[in-house]
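Asks: Listed below are the residues making up each chain.
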Amino acid sequence: MPDAAIELVGVNKWFDTFHVLKDINLTVNSGEKVVICGPSGSGKSTVVRCINQLEKHQKGTIRVDGVELTNDAKSAATIRSEVGMVFQQFNLFPHLTVLENLTLGPIKARGLSRKEAEEKARHYLERVHIPDQADKKPVQLSGGQQQRVAIARSLCMEPRVLLFDEPTSALDPEMISEVLDVMVALANEGMTMVVVTHEMGFARKVADKMIFMDAGEIVEEGKPEHFFTNPQSERCRKFLSQILQH
Amino acid sequence: MKKILLISSLLLLAGCSSSQTWGWYVINPTTASGWINVKFLISGMWATIQISLIAAVLSIVVGLMVALPGLSEKRGWRLVNRVYVEFVRAIPLLPMLFWVFYGLPIVFQSMGMSVPIDPFWGAIITLAISDSAFTAEIYRAGIQSIARGQREAAQTIGLNYVQTMRYVILPQAIRRILPPLANQFIYIVKMSAFASVIGMQELTRRANELVVTEYRPLEIYTLLIFEYLILVLIISAGVRWLERRMGADERG
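So the protein lines, in turn, are chains F and S. If you read the first sequence in this note's numbering, its first letter stands for residue 1, the second for the next number, and so on. If you read the second sequence in this note's numbering, its first letter stands for residue 1, the second for the next number, and so on.
Everything labelled a hint here was simulated from the structure, so no lab data went into it. Quantities reported herein were computed from a predicted structural model and do not represent experimental measurements. There may be inaccurate statements among the hints.
Stated by the list, open to error - FRET-style restraints, in silico, Cβ to Cβ: (1) R114(F) with W241(S): 28 to 38 Å; (2) W77(S) with E68(F): 25 to 35 Å; (3) E119(F) with M246(S): 40 to 50 Å; (4) W241(S) with Q242(F): 51 to 61 Å; (5) A141(S) with E116(F): 36 to 46 Å.
What the hints assert, rightly or not - Straight line, CA to CA, 27 Å or less: simulated DSS-like cross-link-like pairs of lysine-lysine: (6) K136(F) with K108(F); (7) K74(S) with K108(F); (8) K190(S) with K59(F); (9) K120(F) with K108(F); (10) K59(F) with K209(F); (11) K56(F) with K39(S); (12) K22(F) with K74(S).
The beta-carbon is built from N, C-alpha and C at its ideal position, and this holds for glycine as well.
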């Protein structure tokens, strides 16, 4: 097995009786960028949420960095220190300043000193192009800035893998590109990324692998050059024609 | 309805003008004997404040400890919370007070322990337990009102359960929890009057004792009501100040 950062084998999940994930098999190698797309309700967010154990899967195995995820709290904690997550709704902590948002994890979970954590935080704020907003509260920032802070917050934990759950879907159109620019830069630096998104321009630019999901299944999987020009399944072709026609 | 109001207010006015029904002299602070009575009544204030404050603090701590299992994903923990809340909430205060004051020492005795319960602690324990079922529900509602994404975000940056509560959830929930918690404190202050029946020398007990010697229930209980009113108004003002401070911080 090459250097697999994430490995899903036969993963199944039910919400009560609703079968959300059906036999998902997926390997993400270290440094690879995987983009998952599909209609809403197809289970693409759930896949990502299972990888960092925000949701529990009921069947199959998920390995992160070779460590299998069992449903106990200890394995979840180990995984979360390796896997960062960026949410659609940013989920910044509104009662803390930007800097405090970034230093909370490193100080409390990693045991860094305040000084070390703040240095790191300022470094990553620079990387997401907002070094001068450190002392503001999240509400004082635009949506695009908030999402970039959220990315910086994940980076401060120095994860091996970064998951994105529709990171631009809650943003005004003019703010999407500033977030995507940061993500492209991260991708170029070799970060392992799993991105759920409908931004096909971004996908074309960075993806090593495209995945199309529908009704809880991976319907199509392939290199972007084949995926966009010559999709094999009817469902995938239809989906792409709908989102690419504009 | 209007007629009833009119008649009753007329009756009240008539009562005021006639010294046969009103005897304000018993609590007239400008006369020597009246002042002694007023001082006697007010001397219960400190006990009422002490009982209420200690009971409120205990209730806030116990309430949180009861609320947290109620937010667990595990059914067993949630059941513990439900049983406590439903059971405690169902017991009227006065029977619980009797049970704690007269019954609990016997329980301790049967276990070979000698734990005397005086009126002071009997009242505090009863008020705290009785109120904790309500504070637990307030916490639960407040914590649940914080978006789930906050908890998830905290988890993804490696915080454990206690850290997530301490640094992320509770600081946000407290702004929503505080106003209803203040309401509960006012409730405790008022319910502390029940401590009078087990002999605690607080506001209501003092009033009862004076009524027995002076035979002036109307005037003395009127003053008693105003004593509680003033106490509650002071608490309300304090809470509003606190809320304003926290609100200003939130807009930051």
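Asks: All hints, please: hold or fail.
Replies: Taking the hints in turn, this is what the structure says about them:
1. R114(F) with W241(S): 28 to 38 Å: Since R114(F) and W241(S) have Cβ atoms about 31 Å apart, the given range 28 to 38 Å holds.
2. W77(S) with E68(F): 25 to 35 Å: 27 Å, holds
3. E119(F) with M246(S): 40 to 50 Å: 31 Å, violated
4. W241(S) with Q242(F): 51 to 61 Å: 57 Å, holds
5. A141(S) with E116(F): 36 to 46 Å: With a Cβ separation near 39 Å, A141(S) and E116(F) satisfy 36 to 46 Å, so the hint holds.
6. K136(F) with K108(F): At roughly 21 Å apart (the allowed maximum being 27 Å), K108(F) and K136(F) satisfy the hint.
7. K74(S) with K108(F): 26 Å, holds
8. K190(S) with K59(F): Judged against 27 Å, a Cα distance of about 56 Å means the pair is violated.
9. K120(F) with K108(F): 14 Å, holds
10. K59(F) with K209(F): With Cα atoms ~25 Å apart, K59(F) and K209(F) stay inside 27 Å; holds.
11. K56(F) with K39(S): Outside the cut-off at roughly 66 Å; violated.
12. K22(F) with K74(S): Roughly 26 Å separates the two Cα atoms, so the pair holds.
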